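Novice: Residue-level listing of the chains:
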Amino acid sequence: MEVDDLLKLIRGDLFLQDKKTAHLTINLNKVLSKNLVPGLHVDTKENKDGVDVKIKVDDNIRIKNKVHLCFGITKEKAIQKINMDVDVGKNAKISILSHCIFPKAVNIKHIMDAKIKIDEGSIYTYEEKHIHSMDGNIEVYPKAFVEVGKKSRFKTEFELIKGRVGKLDIDYEITGEKNSVIEMTSKVSGKSDDIIKIKEVGNLVGENAKGVLKSRIAVRDNASAEVYNTIVATAPYARGHVDCKEIIQDNGVARAIPIVEVKHPKAHVTHEAAIGSVDTKQLETLMARGLNEEEAVEVIIEGLLS
Amino acid sequence: MTILSLKNLSLTLNGKKILDNINIDFWEKHVHAVVGPNGAGKSTLAYTIMGLEGYRKVEGDIFFEGKSIKNLSVTERAKKGITLGWQEPARYEGLTVEKFILSSAKKMSLDEVKDSLIKVGLDPDEYTKRALDKTLSGGERKKIELASILAMRPKFVMLDEPDSGIDVASLEKIFEGIKLLREQGSTVVLITHSIAVMKKAEHAFLICGGKVVEKGRISKLLPYFENKCLPCDHKNIPD
Ligand SMILES: Nc1ncnc2c1ncn2[C@@H]1O[C@H](COP(=O)(O)OP(=O)(O)O)[C@@H](O)[C@H]1O
Ligand SMILES: [Mg+2]
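For the record, the sequence lines run as chains P and G. Letter by letter, the first sequence follows residues 1386 to 1691 in our numbering. Letter by letter, the second sequence follows residues 2 to 240 in our numbering.
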């Protein structure tokens, strides 16, 4: 989706009419529009530099359409602080598509502080897509503390592959109870002097809890990326995996520090990390079809981040 | 007519002469086989013709359609219509089969992508959206690579061990693909140590120890294989 489409989204042009799709759009510290569906409650409080958002899904409510959240800053310079409090009831389901759009950013800071609680037997999916300007000095701080209840599923996908990253500092801590599933994926492409830092901690405290932390990162120019992903398993039959792949180009620097900690003899956690430039065979195969080196790298990275 | 010719081509890698004064003329729109035992230098020859990194500092010359290409990059050679299918095709995380084939041939429609998959015996509905990664078998990746080559419509294509990792049923599809390449007007070079593959060619060049030791019609070279007796003193030959 291009910036113009997203700006349209922010003004509500595209789906304000659709009463069956819940949404909330916020520009800086103002709520622009909101639509709810049965069983979903969204309360907001506007602050000086942001908005407090309380989301509640009632027990046994399974929301069919994706709930759209749109956080925009159309100004060049600003700080936006969103405090999110999400409470998903029992046997409920919500899938959130969140767009963060900073198309004119020159100096912008977006801070997201989330507390998410998912009760027994529920499914929570969160996709976050960022669209940044190409020249901005943007700082993004997504922070979340998540509790995933028994037999519940928590799945996130964070994507920042268009425009400049600026500075990104993800900090998530998630706890999974018995039979829960945690699945986190981050895809980030850094250029120029972007700085990427990802820290995700998955605590598998319940029997048979599962967790996967996956990151796919490309850094070029003078960009740098550090991924500190940790899974701690303390219960029997807990299963975890940390998977990090980073491609570096030019003077990019990448670091991956997967930590796996197992505190129960019947738990099992694995990790894999691969950092390097683009594989020569991948590159030369595409070049042997007529792509130049840059085009070939583009195709490979696009695939990795898709 | 010769489309690609190697003139006194030698290549030294890490102080070892891997290709030793090779002279070959590949005829336009013919199917050739380059045969020889393991370690003979067959793959190296293909990489050198393609101009891959590390295979560029040659002695002698390589002519394509009458012009030297030895100073051209891989991309420039490919743009002239030269391409290569690997013995073990690359894997790409996340890259879909569809995107891969589309990258191989500019201005191609989705229907043409699907068509190229059908030609190698793969169901487009099952494969176009799949990633070209480790979830595909070596044989599947080989067929997809052949599909991408068919889509590219190259003038000159080298297929390194086209039957390796391919089961018997799939082998027929690979052979059909080779036939289609020829019908499309490609000059084909099959690099192989298999008799079945060699029999698909019209001419063969037998390489041993980096040298061309014999050339001619397939019938002329077959006995060397059948007797497992090659006319060279290469160390790989059992005594
Ligand atoms: N980079 C290299 N440096 C040194 N020797 C090499 C290199 N690459 C290949 N060789 C050697 O060159 C010979 C030919 O290899 P190759 O072309 O792969 O043979 P074939 O494809 O006929 O089995 C082998 O002895 C191999 O060990
Ligand atoms: Mg070989």
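What the hints contain is simulated information worked out from the structure, not anything from laboratory work. Bear in mind the structure is a predicted one, so any value in this text is a computation, not a measurement. Hints are supplied without guarantee of correctness; some may be wrong.
What the hints assert, rightly or not - Result set (DSS-like, lysine-lysine): computed pairs, CA atoms no more than 27 Å apart in a straight line:
1. G:Lys216 x P:Lys1666
2. G:Lys107 x P:Lys1547
3. G:Lys156 x P:Lys1572
4. P:Lys1666 x G:Lys100
5. P:Lys1666 x G:Lys58
6. P:Lys1666 x G:Lys17
7. P:Lys1666 x G:Lys80
8. G:Lys130 x P:Lys1514
9. P:Lys1666 x G:Lys221
10. G:Lys100 x P:Lys1547
11. P:Lys1419 x P:Lys1576
12. G:Lys135 x P:Lys1451
13. G:Lys174 x P:Lys1666
14. P:Lys1547 x G:Lys174
15. G:Lys130 x P:Lys1666
16. P:Lys1576 x G:Lys58
17. P:Lys1540 x G:Lys130
18. G:Lys107 x P:Lys1449
Novice: Does each hint hold? Answer for all of them.
Specialist: The hints, checked one at a time:
1. G:Lys216 x P:Lys1666: 31 Å, violated
2. G:Lys107 x P:Lys1547: 24 Å, holds
3. G:Lys156 x P:Lys1572: Status violated; Cα separation ~39 Å.
4. P:Lys1666 x G:Lys100: Holds, at about 17 Å.
5. P:Lys1666 x G:Lys58: 19 Å, holds
6. P:Lys1666 x G:Lys17: The given pair, whose Cα atoms are some 23 Å apart, holds under the 27 Å limit.
7. P:Lys1666 x G:Lys80: 18 Å, holds
8. G:Lys130 x P:Lys1514: 22 Å, holds
9. P:Lys1666 x G:Lys221: Outside the cut-off at roughly 35 Å; violated.
10. G:Lys100 x P:Lys1547: 19 Å, holds
11. P:Lys1419 x P:Lys1576: 35 Å, violated
12. G:Lys135 x P:Lys1451: 32 Å, violated
13. G:Lys174 x P:Lys1666: This hinted pair holds, its Cα atoms lying about 24 Å apart.
14. P:Lys1547 x G:Lys174: 41 Å, violated
15. G:Lys130 x P:Lys1666: 22 Å, holds
16. P:Lys1576 x G:Lys58: Measuring from Cα to Cα gives roughly 34 Å; hence the hint is violated.
17. P:Lys1540 x G:Lys130: The given pair, whose Cα atoms are some 22 Å apart, holds under the 27 Å limit.
18. G:Lys107 x P:Lys1449: 40 Å, violated
Of the numbered hints listed earlier, those contradicted by the structure are 1, 3, 9, 11, 12, 14, 16, 18.
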